[in-house]
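Q: Okay, here's what each chain looks like letter by letter:
2 protein chains.
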Amino acid sequence: MAKQPELDDFRVPFFDEDKKPGKFSLDDFDPSSKPFSSGAKDADKARLSEIGATLDTQQECLHAQQKRRVLLVLQGMDTSGKDGTIRAVFHEVDPLGLRIVPFKAPTPVEVAHDFLWRVHAQAPAAGELTIFNRSHYEDLLVPTVLGTLDAKGFEQRCRHIRQFEALLADSGTAIVKCMLHISKDEQRARLQARIDDPNKHWKFDVSDLEARKQWDKYQAAYRDALAATSTEYAPWYVIPADSKTHRNLMVAELLLRTFAALKLEYPPAKESLKGVKVE
Amino acid sequence: MAKQPELDDFRVPFFDEDKKPGKFSLDDFDPSSKPFSSGAKDADKARLSEIGATLDTQQECLHAQQKRRVLLVLQGMDTSGKDGTIRAVFHEVDPLGLRIVPFKAPTPVEVAHDFLWRVHAQAPAAGELTIFNRSHYEDLLVPTVLGTLDAKGFEQRCRHIRQFEALLADSGTAIVKCMLHISKDEQRARLQARIDDPNKHWKFDVSDLEARKQWDKYQAAYRDALAATSTEYAPWYVIPADSKTHRNLMVAELLLRTFAALKLEYPPAKESLKGVKVE
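As you go down the protein sequences, you meet chains A and B in turn. Numbered according to UniProt numbering, the first sequence spans residues 1 to 279. Numbered according to UniProt numbering, the second sequence spans residues 1 to 279.
You may find that some hints are simply not true.
Same chains, same names: a pair is fine if it fits in one copy or spans any two.
Said to hold, decoys possible - DMTMM-like mimics (lysine to aspartate or glutamate), calculated; alpha carbons at most 20 Å apart, straight line:
1) Lys45 <-> Asp216
2) Lys45 <-> Glu92
3) Lys213 <-> Asp28
4) Lys104 <-> Glu6
5) Lys184 <-> Glu17
6) Lys152 <-> Asp16
7) Lys213 <-> Glu138
8) Lys200 <-> Asp56
9) Lys67 <-> Asp205
10) Lys34 <-> Asp224
Since the hints were derived computationally from the structure, they do not count as laboratory data.
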């Protein structure tokens with residue numbers, strides 16, 4: 001009997017200062033596989049809904065405690081489904097308890113600072129669940145592909161990212177990072193679908209086609225970035241994402257596990273309120 | 001046959017520079033009434049869900065256009081249901097398209113600026129639907145009740161608020177402001193329920209009881225604040241809110257109407273994409 005897949009089978013090996021680069025290849029992960037699917041779409045959706053309800057309770061508990069913080073980082077090529085994942089996984093979670101931060105191309109003011117300046121400002125506060133829709137990792141990937149960041153600069157940024165994420169973790173932030181991994185064929189189909197539906201043209205930018213031409217360079221940059229920044233306190237997971245249902249389910253399972261590890265409990269009752277009658 | 005209630009029956013009369021103060025009393029609105037309820041809870045919930053789905057589509061359209069902005073301001077006494085309204089009304093809306101801003105007691109840095117400084121920073125951007133969970137109106141209400149803001153200061157702040165909201169409106173922001181109106185008895189029951197359930201103590205602050213002792217002063221401050229800041233471009237509505245189902249439904253209906261007035265449409269198809277084949 002085949003071994004049941006475990007979430008950690010999809011974790012990028014932790015970066016090791018001494019024996020870099022780690023042995024890790026995106027090719028080891030099949031984007032079209034569905035390791036956490038039950039095989040039946042309906043059952044998968046029911047499970048997702050069940051996890052959503054648990055995440056909702058967990059998030060309320062996080063908020064009630066006002067101690068820990070949770071950060072989910074979502075990265076992936078165009079059309080890999082970052083928006084769709086957020087919509088599906090957090091459908092059941094109270095919107096009050098979510099903060100979603102989209103990182104677009106930096107503004108002139110942002111560029112005038114170090115690359116982590118705008119990111120630090122958006123770090124989750126005590127009691128918050130924050131989702132980065134793209135992130136500081138764009139500042140590794142894009143300039144690498146454009147050729148404006150050399151190997152030394154890349155390594156330096158990776159080191160700064162590890163140190164920055166360690167600061168967040170030491171301050172009580174549970175960090176989980178997901179790379180939504182789609183195949184080049186699947187991206188073609190999704191881009192074509194957007195082009196063929198005039199109502200979806202607003203989602204489409206011609207630069208998406210330019211980025212697609214650099215597919216291999218992006219995959220290589222992703223591999224190097226993930227290998228250099230997957231740590232015990234901020235691990236990277238590769239999410240097979242050609243199937244949307246599977247992608248959502250796996251991200252939800254990861255988040256569920258992240259919350260479970262926090263062992264959250266509601267704050268104790270206040271003795272001072274015992275027997276109080278409101279007038 | 002009784003006249004069907006209309007949303008505008010619950011609109012606070014627009015402020016009129018020449019004949020202030022407007023004739024307006026919160027006592028004219030019965031907190032326990034349910035003017036927009038069908039009479040059957042199930043039907044009301046079905047209608048709310050229907051509106052939620054429409055709001056979801058409308059919000060996507062708002063985002064696609066990247067022109068207009070929508071701001072919902074929620075105010076009300078403790079336990080009036082600001083959090084619950086957000087949860088219920090926006091359950092169906094894509095979390096990507098919502099930004100919820102809770103305003104707590106200002107920090108020292110915030111107090112060191114004018115009272116609109118922190119509020120302006122959170123105004124919705126193009127394509128955004130933003131909800132203020134409490135707002136700049138706290139800076140009228142609280143100091144008035146505490147006696148640290150006199151009548152002249154109050155009038156001055158109201159004028160600044162009108163001008164600030166006019167700036168937002170002139171820049172494309174549709175503003176709708178809701179005061180969740182509960183009775184003093186209903187508040188007693190809700191506070192008592194929180195005290196009696198130890199798992200809800202974290203929601204409870206002893207200062208809530210202090211504020212309750214000032215009930216009449218708060219109601220008077222609300223009346224004056226609403227009368228002086230209800231304008232054509234940023235109207236106030238009084239929401240009978242003893243019934244949670246009714247409260248949610250009425251806020252949803254108001255927001256639906258706000259979106260409808262924007263006559264949003266998806267951006268036109270891009271000619272440049274016609275016939276493009278992705279390689």
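Q: From the Cα coordinates, with 20 Å as the cut-off, is the pair Lys152 and Asp16 best called within, between, both, or neither?
A: within (17 Å within a copy, 65 Å between copies)
Q: Within a copy, between copies, both or neither: which one fits Lys184 and Glu17 at a CA-CA cutoff of 20 Å?
A: neither (32 Å within a copy, 63 Å between copies)
Q: Between the shortest in-copy and the shortest cross-copy C-alpha distance, which are at most 20 Å for Lys45 and Glu92: within, between, both, or neither?
A: So Lys45 and Glu92 pass the 20 Å test inside a copy (13 Å) and across (17 Å) alike.
Q: Classify it for me, Lys67 with Asp205: is the Cα-Cα distance of at most 20 Å met within a copy, between copies, both or neither?
A: between (41 Å within a copy, 18 Å between copies)
Q: Go through the copies and call it for Lys34 and Asp224: within, between, both or neither, with a Cα cutoff of 20 Å.
A: neither (24 Å within a copy, 60 Å between copies)
Q: Indicate which option fits the pair Lys200, Asp56 if close means a Cα-Cα distance not exceeding 20 Å: within, between, both or neither.
A: Answer is between; shortest inter-copy Cα gap is 16 Å, intra-copy 31 Å.
Q: Indicate which option fits the pair Lys213, Glu138 if close means a Cα-Cα distance not exceeding 20 Å: within, between, both or neither.
A: within (17 Å within a copy, 53 Å between copies)
Q: Within, between, both or neither: how does the pair Lys213, Asp28 come out at a Cα-Cα threshold of 20 Å?
A: This pair counts as neither: shortest intra-copy Cα distance 22 Å, inter-copy 66 Å.
Q: Please work out whether the CA atoms of Lys104 and Glu6 approach to 20 Å or closer within one copy, between two copies, in both situations, or in neither?
A: neither (33 Å within a copy, 42 Å between copies)
Q: Could you figure out if Lys45 and Asp216 sit no more than 20 Å apart (CA to CA) within one copy, between two copies, both or neither?
A: neither (33 Å within a copy, 50 Å between copies)
Hints 1, 3, 4, 5 and 10 from the earlier list are contradicted by this structure; the remaining hints agree with it.
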